[in-house]
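Residue strings, one per chain:
There are 2 protein chains.
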Amino acid sequence: MPPPKSRTRRTDALSREVVVRAAVELLDEHGERGLTFKLLTERLQTGAGAVYWHVANKDELVLMAADHVIGAALAALSPEPDGDAEARMRALALAVYDTLDQHGWAAPHVIAVHTMPHTMGLLERIGGLLAETRLPAGRHFTVATAILIYLTSVTAQDAGRASAVEPGVSRDGVLEHEARQWAALDPRAFPFVTRIAADLARHDDREQFLTGLNLLLDGLRAQVAAEHDS
Amino acid sequence: MPPPKSRTRRTDALSREVVVRAAVELLDEHGERGLTFKLLTERLQTGAGAVYWHVANKDELVLMAADHVIGAALAALSPEPDGDAEARMRALALAVYDTLDQHGWAAPHVIAVHTMPHTMGLLERIGGLLAETRLPAGRHFTVATAILIYLTSVTAQDAGRASAVEPGVSRDGVLEHEARQWAALDPRAFPFVTRIAADLARHDDREQFLTGLNLLLDGLRAQVAAEHDS
DNA sequence: CCTCCTCTGGAATGACGTTCCAATGCTCGA
DNA sequence: TCGAGCATTGGAACGTCATTCCAGAGGAGG
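Chains G and X are the protein sequences, given in the same order.
The first sequence begins at 1 in my numbering and counts up by one.
The second sequence begins at 1 in my numbering and counts up by one.
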């Protein structure tokens with residue numbers, strides 16, 4: 001135990017890294033709303049001023065925490081799996097999906113700024129796979145960002161449902177309730193929504209993510225083929 | 001002018017509708033962070049208690065404001081345009097994109113809950129167009145929600161960049177700064193990102209949205225064709 | 001040993017969302 | 001026409017939070 005009371009320099013030095021890691025822990029435990037400087041300083045056994053010496057403000061802290069999570073996901077993935085570019089794209093996307101699903105607060109922040117180091121690493125991975133296809137280079141930017149956006153935002157959507165309200169209701173509970181609302185609509189005004197209400201209650205988030213991703217990848221393949229024909 | 005001072009019932013009655021409309025105004029003017037009950041009660045010439053009589057809390061208010069915006073966008077679109085289902089899908093998506101682009105705060109909330117009345121209206125429109133294609137009914141739910149999610153989340157991304165910091169920097173300024181950061185990376189570690197850095201500065205959000213949407217629609221057409229072959 | 005400079009802890013501040021409550025006038029039955 | 005009850009209002013009060021401020025403590029370098 002380091003000297004406990006005196007207003008002195010600590011041996012277990014504070015640092016950006018330490019603060020961010022503690023923030024990730026608290027975000028995982030309590031969600032974005034539950035991350036407060038009170039909790040953070042308690043866990044770090046320090047005061048607000050010390051934390052503010054290392055990070056500019058709460059926004060920046062959350063941003064760095066989200067980037068930290070993406071970095072961990074990419075690091076855990078390092079050995080490139082086998083298969084063609086499309087299969088590896090799917091594997092990459094699913095790995096990131098699973099990570100963001102575990103850290104429900106992170107997804108909305110991943111693409112908030114384009115210059116977070118690990119977000120750029122993720123985009124680099126996507127782009128590297130894209131470069132293996134015969135998609136014209138002029139479209140690489142658009143397609144890569146479309147995939148990145150789809151990935152992060154669908155996850156944000158799924159995770160938001162999971163952690164919307166703290167305890168009491170499960171993800172399934174929310175879905176069932178929403179599905180009942182859909183089913184109760186007037187079928188003449190809402191023929192489509194009433195028809196698919198059951199699908200909402202039954203669907204699996206991860207599987208649906210994959211279906212949408214396949215839609216994107218099929219579109220990509222179709223565009224490559226069309227380009228090649230003409 | 002109604003009686004100005006006495007703590008009395010007003011002739012220009014408060015109502016959910018009035019409160020939500022005022023909230024939309026303030027959100028447009030000051031963004032989500034700038035919407036406070038102080039500003040709201042000042043504009044409505046009332047007190048906090050009166051507002052809380054009509055809405056449960058700030059979260060619900062923002063949700064209703066976002067739904068209000070979607071409702072306005074759908075209403076302005078009512079006459080169905082010509083063309084096949086795919087063309088009309090594009091027109092619908094672009095109209096909603098433009099509306100959400102004008103109300104930068106709204107997009108993240110549109111799909112936060114599946115039971116907002118006008119969100120369901122939007123899904124109904126998408127589904128109606130989907131039903132005209134030969135996509136098997138079993139996939140309608142997944143594809144429709146994939147399109148809805150793409151629509152709202154790309155808009156959220158674009159709008160976030162526009163209104164991230166209040167004044168001082170334009171959308172172009174942010175993009176240019178981000179592009180410079182990309183270009184400054186080590187090309188050996190980030191061959192892809194450095195190569196497309198110029199595209200980031202040059203790209204048009206709306207056009208890119210359309211490209212991604214076309215990717216989805218091409219994928220849809222390819223899947224329909226494949227289904228029909230087998 | 002003295003002097004910056006880095007880093008720390010906690011007190012103080014101001015803004016905000018939300019709750020509470022006394023007061024008011026409309027509505028409706030008598 | 002009158003009174004009771006109820007929907008509605010305005011604002012004061014409260015607790016929480018992010019952020020700022022500051023007085024100091026150690027280490028590094030002269």
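Just so you know, the hints here were simulated from the structure itself, not pulled from any lab data.
Any given hint could turn out to be false.
The list that follows gives simulated cross-link-like pairs (lysine-lysine, DSSO-like), each with its CA atoms no further than 27 Å apart [as the list claims (entries may be wrong)]:
| id | chain 1 | residue 1 | chain 2 | residue 2 |
| --- | --- | --- | --- | --- |
| 1 | X | LYS38 | X | LYS58 |
| 2 | X | LYS58 | G | LYS58 |
| 3 | X | LYS38 | G | LYS38 |
| 4 | G | LYS38 | X | LYS58 |
| 5 | G | LYS58 | X | LYS38 |
| 6 | G | LYS58 | G | LYS38 |
Do the hints match the structure? See the list:
no. : hint                 : verdict
1   : X:LYS38 with X:LYS58 : 12 Å, holds
2   : X:LYS58 with G:LYS58 : 21 Å, holds
3   : X:LYS38 with G:LYS38 : 26 Å, holds
4   : G:LYS38 with X:LYS58 : 23 Å, holds
5   : G:LYS58 with X:LYS38 : 23 Å, holds
6   : G:LYS58 with G:LYS38 : 12 Å, holds
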